[in-house]
Amino acid sequence: MKRQDPKFVRFLVGLSLAIAAPAWAGPPFLTDDPEPTETGHWEIYAPLLEGEGKGANFEGSTGLELNYGAARDVQITVGLPAGFTHSKAETKWGAGDIALSVKYRFYHNEDLGLSIAAFPGITLPTASKGMGADVVTGLLPIWFQKDSGPWSVFGGGGYAINPGDGNRDYLTGAIAVSRQFTPNLAIGIEAERNGA
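According to this note's numbering, the stretch in the sequence shown is residues 22 to 217, in order.
Simulated from the structure, these hints should not be mistaken for lab results. Since the structure is predicted, the reported quantities are computational estimates derived from the model, not experimental observations. Heads up, none of these hints are tricks.
Below, a list of computed lysine to any residue pairs in the SDA-like style, where the Cα atoms sit at most 20 Å apart:
1. Lys109 x Asn78
2. Lys167 x Glu59
3. Lys167 x Val198
4. Lys150 x Ser108
Simulated restraints, written as ranges between beta carbons of each label pair:
5. Lys75 x Gly159: 28 to 34 Å
6. Gly74 x Gly170: 36 to 42 Å
7. Glu131 x Val198: 17 to 23 Å
8. Glu71 x Ala110: 21 to 27 Å
9. Arg214 x Asp132: 28 to 34 Å
10. Asp190 x Glu71: 18 to 24 Å
11. Val198 x Gly72: 19 to 25 Å
12. Ala110 x Asp132: 55 to 61 Å
13. Arg189 x Glu131: 36 to 42 Å
14. Gly216 x Glu80: 19 to 25 Å
15. Gly187 x Arg214: 20 to 26 Å
The C-beta atom is built at its ideal place from N, Cα and C for all residues, glycine as well.
With the sequences and hints as input, model every part of the structure.
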């Protein structure tokens, strides 16, 4: 049986996610946006899947993200991941580090189609052995979104607090552009950069 190119498989998964649900910034994009969950409502995203590697060696995580609209312009998020590693010798699965964050949209102007939010968060060292950071980590990002007709540009970045032996804090950022074609179809592209 012929093996599919992983890039092609990721493209198909991303395309199917974009077609499957009305497109907003945020999921299925990895790049976040400043839009909080509506007050008193829940958003549940699963499975989210990220991975990296080369050949037979790769690692990543999947899991569940729970968002709750706690108040006007405020969202509480809990990430419940599972980590995995794969090599020629073995495949391991285990609980990942739990992530907690609060999104606060401090600027929203519908006339300009512009929103800005802070979304600080921490990751707690709750993972199975070898599946997490083993220390509390943090992220202090700012996210923006500009809408114009069917087009959206969203993204931002922040400062990642990454303690531990051999680790360094770093800056991270991402941007995405999407176009809404129908109520159930948007196509977009995104770019992400993490420095260390």
